[in-house]
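Chains P and W supply the protein sequences, listed in that same order.
Residue numbers for the first sequence follow the working numbering, so the first one is 881 and each next one is one higher.
Residue numbers for the second sequence follow the working numbering, so the first one is 348 and each next one is one higher.
Wrong hints could be hidden among the right ones.
Claimed, not checked - Away from chain P, derived, C-beta distances all over 10 Å, residues of chain W:
| id | residue |
| --- | --- |
| 1 | Leu467 |
| 2 | Leu633 |
| 3 | Val645 |
Claimed, not checked - Covered by chain P, per the in silico footprint, the following chain W stretches (three or more residues, Cβ under 8 Å):
| id | region |
| --- | --- |
| 4 | 446-454 |
| 5 | 479-489 |
| 6 | 665-676 |
Because the hints were derived from the structure by calculation, they are not lab data.
We put the CB at the ideal spot given by N, CA and C, even for glycine.
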Amino acid sequence: MATVTYRDALNQALREEMARDPDVFLMGEEVGVYQGAYKVSRGLLEEFGARRVVDTPIAENGFAGVGVGAAMVGLRPVIEFMTWNFALLAIDQVVNSAAKMLYMSGGQIPIPIVFRGPGGAALQLAAQHSQAFESWYAHVPGLKVVAPATPYDAKGLLKSAIRDNNPVVFLEGEMLYNAKGEVPDEEYTIPLGEADVKREGSDVTIVCHSKTVAVVQKAAEQLAAEHDVSAEVIDLRTIRPLDVAAVVASVRKTNRCVVVEEGWPFAGIGAQVVDSIQREAFDDLDAPVLRVAGADVPMPYNKHLERLAKPRPENVIEAVRRVTYLDGD
Amino acid sequence: MVQPYQTTPLDAERAGFYRELLRQMVQARRFEEKAGEAYAQGKIGGFCHLYIGQEAVAVGALAAVREDDYVFASYREHAHILLRGTSSRAVMAELFGKRTGCSKGKGGSMHLFDVERNFLGGHGIVGAHLPLAAGAAFAAKYRGTDQIAICFFGEAAVNIGAFHETLNMAALWELPVVFVVENNRYGMGTALERSAAVWDVYRRACSYDMAEEIADGMDVLAVNETVGRAVERARDEQAPTLIEARTYRYMGHSMADPIHGHYRTKEELEQQKQKDPIEHLKGRLLSDGLLDEDEFKVMDGEIRDEMEDAFAFADESPDPAPEDLYTDVYVE
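Just chain P, same shape as in the assembly (with noise of 0.2 Å):
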């Protein structure tokens, strides 16, 4: 096992899948001779050259749209947009070509495609560069949708994007990208559409993921040392198709629960969660199921209303309480 960051694992991803299959290559904004926005890139023009690292120019829309038509004739695109905010200028592509390519022509055309970028809020980036679409995209049947947590999970859940048959929306965080975590030395893929317990509880769920796992595990261990509750982290890493079946195991258990995202409450991926436990485990609850979620504002700019605007580890603690009756009720 060795310490790398999420950042070069998902670059560890990119490189070995490049290597295993002459049909993959990675277009998009800056990924060649500047090595990477966020350098996830890095050294892989040297390694596998200008016809396979290729450098597009501001053109979402265009570039997303070449992959797809590329994907359709058999290739193996991975396309990276500088961050999911500027893929709003591609939503055309994605949504209307990728995703609905094979039922629109009877099964004949499958689109093998990934769409990768940073998601979500950084420091003070304001409001058109601080969203987390999750919701917008697992919203299209046809697409796939990852949000990964750890380094670990990056690099197993990009490998086996790359080697998916349909298009797969990645949503990487871009607070994340600096994060270390242990990845094995041998090779590895983790199955899209299977969560992953972060951390075994008894007395109430939290379900999360991409960047707020790591605010959910903080505060799970403030509640489990401060507040004597043991809970269950459940990082779904795959959006959709969602594990189910994991989530509501979890709450059979805990008889709690508590779904964390970083999106806009509206419609979010907690909304389709909390929905799916109402459904399936409506006899295992003893409270109702509580939602945190980003504010319902654009970013804001001043850094501290934009702390108040993230959930936040108390956030969190204040949900659990109540789920759990620690507050009175």
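On the provided structure of chain P, position chain W as indicated by the hints.
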């Protein structure tokens, strides 16, 4: 505005080729007439965009590409897929939404696909298939094959961002792709002159230092020659071309839209019909002695029979099964 018809004499040795182009144009028209009939009877739902009047463009252009080249089209693409060799039965059945259709009844008129014949849609968002065609050309170049991609779209698509993004990348990366603007003068009900600052569409190519061509889109031979040059340029020089084919749509934007009215006059329509691409080629072949009227009647009769058969096949075909609703969403 449209160039006068060419008057260069026909080459008698190519009579077979001319007659085949004529047959293909008649086939495209009879198919659309039948589709219009079926739409009026309620057998075709949704949007149905007919190609009548524009036949010379697809016929001339697709006679200039190879079977292994990639073809992309907009939602006005019934003729284009037929020209790739997909049966009129499979296409009509798709319009009827039947399981025997070329997209299993899940695509409809706007989403015709036949991957075996490299017909890659059938796309319903204006301009959005231009980058797809560039992507297929990118793949051909990536693999080192000598395939090219050809992409058909209306003149109204040249005002959308995807057009510019794609032309820039195609020129920058020297992709083997041919862009064919089917300038039928109206984007739905908005005349080119009311939507574009530059009325000569082919001139847009200069922004990207791309080869440009203009063709009389009512003259199948002119289109064929022009596209032939562009295909050669793509295949041999890895250079894209923007072609403007000036044509005219006889029908409304879709079957749900008026044929004329606020946006164009009946007189204009009737005047344009004087330049009909089928009548034009037929007239030339007759006057040069390369076709006789009886021959044409036999051919037309055969095509009409083919369309009757396609209609009956589509009509009698089964609907998709309810369980088909949930297939083809993901590849296993």
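Hints the structure fails to honour:
Number 1 - this is the single hint that the structure violates.
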